[in-house]
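Each chain, written out:
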Amino acid sequence: MRTMNLALRHELVGLGGVIERNVYLVKRYIWWDVAFFIWTVANTLTIVFIAKGIPAAGGHIDVNRVTTILLVGAVIWAYLGIIFEILTETVAWERWEGTIEYTFMAPLSRPVHLLGMGIFAIGYGVVRAVLLFGVVAAFFSLHLPDADYFAAVVLLIVASISFIGIGMMTAVLPLISPEKGTQLGFVAQGVLLVVSGVYYPVSVLPGWMQALATISPATYALRGCRAAILEGAGLNELWGDIWPLLVIGVVAIPLGLWTFRSGERYAKKHGKLKRSG
Amino acid sequence: MKALEVHNLRKQFDRRERRRRKRVEALRGVSFEIGRGECVAILGPNGSGKSTLVRLLSTLLLPDGGTASVFGHDAFRETRAVRRLVNRVSVEASFFKKMSAVENLSYAARFYGLRPSETRERIPEILGRVGFPEDRRDEPMENLSRGMQQKVALARALLTAPVLLLLDEPTTGLDPRSKQEVQEFIREVRAEHDATVLLCTHDLAEAESLADRVGILDGGELLCLEPADELKARYRSETLEEAFFAASGHAFENGEGGGG
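Those protein sequences? They're chains A and B, same order as listed.
According to my numbering, the residues represented by the first sequence are 37 to 313, in order.
According to my numbering, the residues represented by the second sequence are 222 to 481, in order.
To be clear, the hints were calculated from the coordinates, so they are not data collected in a lab.
Heads up, the beta-carbon is just placed ideally off N, CA and C, and yes, glycines get one too.
Incorrect hints may appear among the rest.
In the PhoX-like style, the derived pairs of lysine-lysine whose C-alpha atoms are separated by at most 25 Å in a straight line are [stated by the list, open to error]:
no.: 1; chain 1: B; residue 1: Lys-318; chain 2: A; residue 2: Lys-63
no.: 2; chain 1: B; residue 1: Lys-243; chain 2: A; residue 2: Lys-310
no.: 3; chain 1: A; residue 1: Lys-216; chain 2: B; residue 2: Lys-318
no.: 4; chain 1: A; residue 1: Lys-216; chain 2: A; residue 2: Lys-305
no.: 5; chain 1: A; residue 1: Lys-310; chain 2: A; residue 2: Lys-216
no.: 6; chain 1: B; residue 1: Lys-318; chain 2: B; residue 2: Lys-400
no.: 7; chain 1: A; residue 1: Lys-63; chain 2: B; residue 2: Lys-319
no.: 8; chain 1: B; residue 1: Lys-243; chain 2: A; residue 2: Lys-305
no.: 9; chain 1: A; residue 1: Lys-310; chain 2: B; residue 2: Lys-223
no.: 10; chain 1: B; residue 1: Lys-453; chain 2: A; residue 2: Lys-310
no.: 11; chain 1: B; residue 1: Lys-400; chain 2: A; residue 2: Lys-216
Covered stretches of chain A, as calculated for chain B (at least 3 residues, CB under 8 Å) [stated by the list, open to error]:
no.: 12; segment: 112 to 119
no.: 13; segment: 126 to 137
no.: 14; segment: 142 to 149
no.: 15; segment: 186 to 197
no.: 16; segment: 231 to 237
If we take Cβ atoms under 8 Å as the criterion, some of the chain B residues that face chain A in the derived model are [unchecked claim]:
no.: 17; residue: Arg-236
no.: 18; residue: Phe-292
no.: 19; residue: Glu-313
no.: 20; residue: Arg-336
no.: 21; residue: Cys-445
Put together the whole structure using the sequences plus the hints.
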């Protein structure tokens, strides 16, 4: 029992270490973060301005509603990008800095290591997503009196369980392929969002893409967040989106861990677990 | 119980040469033992398999055959237990460059289960012992010289109190003064911490001055392992360089090896 407690204590301290390291990195690279945030705001504006452009081109839409639909899509795209980027950095950034061997030879279990990266990614991603939403909503003077922001954030966090599971699978890519792995992570992120109705309803997609949408957690995250912000749906009403997210999460996390472990084993077998790949 | 037991360890890598895949033998059935508190130097030119050996013992590689155990724990099956006992200093200091020495040591210590209350005093103390200037502790690592960075690498290894210290060319590229300081510190660690040291190096003088026994690794084969004096006597050589030539059949600098 005492040994178990000690082991658990070590893992918790290690988990704290993963988060601590990422906090140091944000602090030291703060100007990168500021620049990246400004770029994300600009990118989001270009998407959300489409809502204003449609009436200007003679179309008839509810500008406020479409603006919000596009904004939620852009914010979730940015959020997912952060989650995937941070998890992919589990390997890619460490390889770039040259610390990968020291991290992977430390007595920290891989699930705890990845969990630490995931917890940090959620915290950092939620802060960035909330700021992005706030800045762009203020820019367009969006009036959202019914919005249930609490429900939207809870839904995003629940969705993150699945995102982290999928992120673990993509995080292994730079381990297997140092040259192409990170880019393949972006491909996975793009595919996930394109089938999930990021700026349009899933119903406009071809049948096979709609089938993929049913197993994509982003589908439920986008639909639920839009319902919470546009219609003020609370957690009870969002249950129809929450339970599929929980089911996908329960499958995605063990699958992600198994995939990462298999990739790590492959990398150890083929000598790829090193700074130069 | 031996600190380290390596038996018939083999490792091959795939290399791409002119569009063809080629299997290259990095280690060819290496066997040796190290007693507790002993310092053993493995001497070999670039590509002789030294780093492969260190990376196998650091649990970063899986072998193609053979066994290795650290204080009785299988290095490839009981990796968690082995990782608690081992730490390493390699030729590259390997830190997050924008982070300071204290930040790098702090998070690394957490990975070994050391709480903030334990590292608050221990990190400044260890940095002081390796001669790292107090006023530079919060500076980004990228502003520090190679010698300074290597001192932080030694501090990182020591912070976790390893019983087996793997040193992979720890003084390569250092200026003579930093090199001497690092070597002095290795002696101190052995004397005060009861640490067992495996030193892989291509610095003949370093091997002779620090190690109890010296092994010659060439082309992935461990040709011999014995005290430097006995090694020289066996090959009727005045220097380790001559002994290497006699053992391997080629000059030390021009040695061709199997892999990493």
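For which of the previously enumerated hints does the structure constitute a violation, in increasing order of number? Violated: hints 9, 10, 11, 12, 15, 16, 17, 18, 21.
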